[in-house]
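*Asks:* Here's the letter readout for the chains.
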Amino acid sequence: MSSDKLTIKQKFDRWMIKHGRVLVIGIPYFWLFLFFLVPFLIVLKISFSMAEYAQPPYSALFAWIDEGVTITLNFGNYLFLLSDSLYATAYLNSIRIAAISTIITLLIGYPMAYGIARARGSMRSVLLMLVILPFWTSFLIRVYAWIGILDREGLINAFLMWTGIITEPLIMRQTEFAVYVGIVYTYLPFMILPLYSTLEKMDISLIEAAMDLGCKPWQAFVKVTLPLSLPGILAGSLLVFIPAVGEFVIPELLGGPNTLMIGRTLWNEFFANRDWPIASAVAIAMLIFLVVPIMWFQHIQTKQEEREQ
Amino acid sequence: MPEAVLDRAHEDVHKTQPWNNPDAVPYIRFENVTKKFGDFYAVDDVSLDIYRHELFALLGGSGCGKTTLLRMLAGFEEPTSGKIFIDGVDMAGVPAYERPTNMMFQSYALFPHMSVEQNVAFGLVQDGVSRAEIKEQVADMLALVQMTKFAKRKPHQLSGGQRQRVALARSLVKRPKVLLLDEPLGALDKKLREQTQFELVNIQEKVGTTFVMVTHDQEEAMTMASRIAVMNEGVINQIGTPFELYEYPNSRYTANFLGQVNLIEGVLVDDDEKYAVIKSDEANCDIYIDHAVQGHEGMTFWVALRPERLRLTKDAPEDTKYNCLSGKVEEIGYLGGISTYHVRLETGKRIKVTEPNSTRQIEPRYTWEDSVWVSWEAGAASVLNK
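Residue numbers (my numbering), protein chains in the order written: chain A, 1280 to 1588; chain B, 5 to 390.
By construction, these hints were calculated from the structure, which means they are not laboratory data. Computed from a predicted model, the values in this text were never measured in an experiment. One or more hints might be untrue.
Chain B regions said to be covered by chain A (calculated; three or more residues, Cβ under 8 Å) [to be verified]:
#1 139-145
#2 371-377
Taking beta-carbon pairs under 10 Å as the criterion, some of the chain A residues facing chain B (in silico) [to be verified]:
#3 Pro1318
#4 Asp1491
#5 Gly1493
#6 Gln1498
Note that beta-carbon positions come from the ideal geometry of N, C-alpha and C, so glycine has one too.
Please build the complete structure, drawing on both the sequences and the hints.
*Replies:* See below:
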């Protein structure tokens, strides 16, 4: 068939076969470029500027001087982050709280994921539904609900006082404990889902084989189930750890004045101090902190995929 | 069972056929074992004795209870009622990890995160065997299954046949009293399967372990097994050597399951001490049987005729009174070594006949719509009442 006899539809189809791939991949990448990379570059730019009492509240990076472009990079913000121990403490605190939360989430999430993966067909979808259900309510509302539960006059204290176990209300809100509760509660589904998907794929006869060869059930778990679910453990842990490091809302609402986390520091610099350059530097530094574990995760995953082929 | 078989059986029974020796002690014993899943009887009141050094096959279609029986032996399922003994020990409440059995799984269940060597060594490591001994035994086992070269590989780097060998080595290395094989060759292609069947039998003879195997493949069971239990809907239909089951099936189910068979329904019209005559409306003929039939005149029977025992001729045989059908060739299957023909009788019934192509022919012997006669010897048929 000669090309001038092609209908519009055929022309379109041919064009799609040729360029469809680029189009399908290109659109989301363009989106990410526009709404992720460009804002990131703006933040990066601001982090190299100086604070000014002006509108916008930072110095310009590029300037026309003598008919040429002059770029003034100011590393002072980053040096300041190093010099003031507040930031180091906030970073370390965030990493500590995120790490402990991740471990607690893993300890709670693993048995849950295991139970769901081993449940009967219809029961399984109900249980999975229950894990996802909290997402139907706004995250903020759910964190506020925890205020009502953990507060001095909250549900737990009211119940314990009523039963007579305690006479004085327990201080739970505005403590680090409350932050852990909040983070573990919020991020539990992110741990359960990847764990579930690795555990569900696992052939039960592997466990039977281990038992057949002399393993007690717990030994079969340690020697077979656990190593085989390692990719799920890694994926779940990173999905919890990474957002938990930068968490702002939970420490703000549930944590006490002493719960110093980098998300709050960032907020303070930005809104309270109106020091945009420092705030940007904090954000960039945090990003670098997080990119390392993400890259590591990617690396592990690629290796895993290669191994499975 | 007809006397001829029994006579032969009594000759050197006691060594090679312990099941025919009333004094022999069974190595594995199922005593009225029932397994229910909810309301469903997966295994229904099964009693079965298996003797030492046997290669015993549980044969049946899917859902017949054969796998459940095997899993109860392994300790993955507990019987709802009844008892299981291995080497005289009651297995009730003994968990899988303490039983003297090892299993070769249908999926092989090789640990994907361990090398071939580590997979085979797994059971020994678990038992706390010394490192030097593990090394030696694993090497021996890998040599036995000819996998020494692949010791360092991971399971996903192996072909199906190689995985099967590793699975076998892993389940044999602990020297179990009983080796359980769940569809051991099910995942292999036909050529490899046939080759592996004999290898497996050779290995069994070498190590002397008692093998209990589950299969749905009658050819596999007949090639490998010392005895076969044909199962259907949770009960054992018949137990016997491949020879006994093929030559003397006790039911239409067994006759159908092992090999191919033509079943002709008829009524017993003449019953003597030495012969019997069955009249079939279905095939519109009288069938002469060379032995007595247990039953009374007027009872319905099924005459089982193996396709290879039927004669196909273009001309009518000399005597057309008994054991003789006429019809037309409807289908032809030329398989090289043999040809199969479907002959349609005037009554509409189809009869399958196979003939060996023992000489080279210039052209096919029969073609479609040829008028042919099917006949057989009086001793060719077996008579079934269920």
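*Asks:* Hints first: check each against the structure and report whether it holds.
*Replies:* Outcome of the hint check:
1. Using a Cβ-Cβ cut-off of 8 Å, 0 residues of the segment 139-145 of chain B lie near chain A, which falls short of the minimum of three, so the contact claim is violated.
2. Proximity of the segment 371-377 of chain B to chain A, defined as three or more residues with a beta carbon under 8 Å from a beta carbon of that chain, is not established by the 0 residues found.
3. Because the smallest distance between the Cβ of proline 1318 of chain A and any Cβ of chain B comes to about 42 Å, over 10 Å, the interface hint for this residue is violated.
4. Restraint check, aspartate 1491 of chain A versus chain B: the minimum CB separation of about 5 Å is within 10 Å; hint holds.
5. Here the hint on glycine 1493 of chain A is kept, as its CB sits about 4 Å from the closest CB of chain B, short of 10 Å.
6. Evaluation of the glutamine 1498 of chain A hint against chain B yields a held restraint, the C-beta minimum of about 7 Å falling below 10 Å.
In this structure, the hints that do not hold are numbers 1, 2 and 3, in rising order.
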